[in-house]
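Please take these sequences and the hints and turn them into a complete structure.
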Amino acid sequence: MVSIGFFIYFAFAIVVLSLLVVTRKNPVHSVLWMLLLFFHIAGLYLFLNAEFMAAIQVIVYAGGILVLFLFVVLLMNLREELSIGKYTTFGPTGFTFALGLFVAVSMSLSSFIAAPPGKYSIDLIKQETHIKALGKLLYTEFIYPFEVASLILLVAMIGAIVLAKRRLKS
Amino acid sequence: MAVPLSWYMLLSLAVFSIGVFGFLSRRNIIIMLMSIELMLNGVNINLIALSHYIQDLRGQILAFFVIAVAAAEAAIGLAIVIAMFRNRATAHVDEIKEMQG
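Quick mapping for you: the protein sequence lines, in order, are chains C and G. Using the working numbering, the first residue of the first sequence is number 601, and each one after it goes up by one. Using the working numbering, the first residue of the second sequence is number 54, and each one after it goes up by one.
You can trust all of the hints, since none of them are fake.
Taking CB as the label site, the calculated pair distances span:
| id | chain 1 | residue 1 | chain 2 | residue 2 | range |
| --- | --- | --- | --- | --- | --- |
| 1 | C | 629 | G | 143 | 16 to 26 Å |
| 2 | C | 743 | G | 150 | 43 to 53 Å |
| 3 | G | 141 | C | 713 | 42 to 52 Å |
| 4 | C | 727 | G | 122 | 24 to 34 Å |
| 5 | G | 122 | C | 711 | 23 to 33 Å |
| 6 | G | 143 | C | 691 | 14 to 24 Å |
To be clear about the criterion: a stretch of chain C counts as covered by chain G if any three or more of its residues have a C-beta under 8 Å from a C-beta of chain G, and this derived list gives those stretches:
| id | stretch |
| --- | --- |
| 7 | 606-618 |
| 8 | 638-646 |
| 9 | 701-711 |
| 10 | 717-724 |
| 11 | 749-761 |
Keeping only pairs whose Cα atoms sit at most 25 Å apart, straight-line, the calculated SDA-like set for lysine to any residue is:
| id | chain 1 | residue 1 | chain 2 | residue 2 |
| --- | --- | --- | --- | --- |
| 12 | C | 686 | G | 140 |
| 13 | C | 726 | G | 56 |
| 14 | C | 726 | G | 118 |
| 15 | C | 686 | G | 138 |
| 16 | C | 686 | G | 85 |
| 17 | C | 686 | C | 699 |
| 18 | C | 719 | G | 57 |
| 19 | C | 765 | G | 139 |
| 20 | G | 150 | C | 688 |
| 21 | G | 150 | G | 137 |
| 22 | C | 732 | C | 647 |
| 23 | G | 150 | C | 690 |
| 24 | G | 150 | C | 689 |
| 25 | C | 765 | G | 143 |
| 26 | C | 736 | C | 718 |
| 27 | G | 150 | C | 762 |
| 28 | C | 625 | G | 76 |
| 29 | C | 625 | C | 679 |
| 30 | C | 765 | G | 146 |
| 31 | C | 686 | G | 146 |
| 32 | G | 150 | C | 697 |
| 33 | C | 765 | G | 132 |
The hints are simulated quantities; they were obtained by calculation from the structure and are not laboratory data. Each residue gets a CB set at the ideal place from its N, CA and C atoms; glycine is no exception.
Here it is as structure tokens:
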């Protein structure tokens, strides 16, 4: 009963906060609501016995990505931003599309059949600790995707520098 | 009494749909990038809930890669926004029509 109460609180907070992120006019407010949203999502991960993912969520999203967003928001002309409408002419179309997506997929949810349970039960993870179990899997079975992820991050780093740097006079 | 899996899926679907709405309708390109992050977070909630209920850690590893790609995407997207600021001094997608899209 307690767990259902917790879930309802987290789900309600996450939906309300994501609506606030999308509908606020001032981008700084959006970024700050998103910070709160990420903390709630990290709480939900703790609730799902994924403590490493909760830590990553706080460190990478709240600590890294949101600071990046806040930096770029500070470059913007907020006065002009507040005086102009926040939606483009595609607003109603976008709303209809999102609502249709929600209704269509939620109707198909009842026909979902879960796969047979794997070997990583909660007892096994508790016995082996979560990070160790995850790391074993990541460095053996998923070693090639892991290397590709490092390449993606390298490309992102170089690409961001090339895109954002000032053109040199030649 | 445990929380059913379908509630988690419905929650992640709701977050994803809100992200789709924000991406399609907002004028500010930074909010559009934030909507993409919202969509990726919805996917992550779904992956981690499934990994808990099916008792398989692969879902969490997939969520780990999604977070890595999200970080890369945010860096590239914001670099594009900065380049756009420098050339056009605007962050509104409806004022950018050089490509006649």
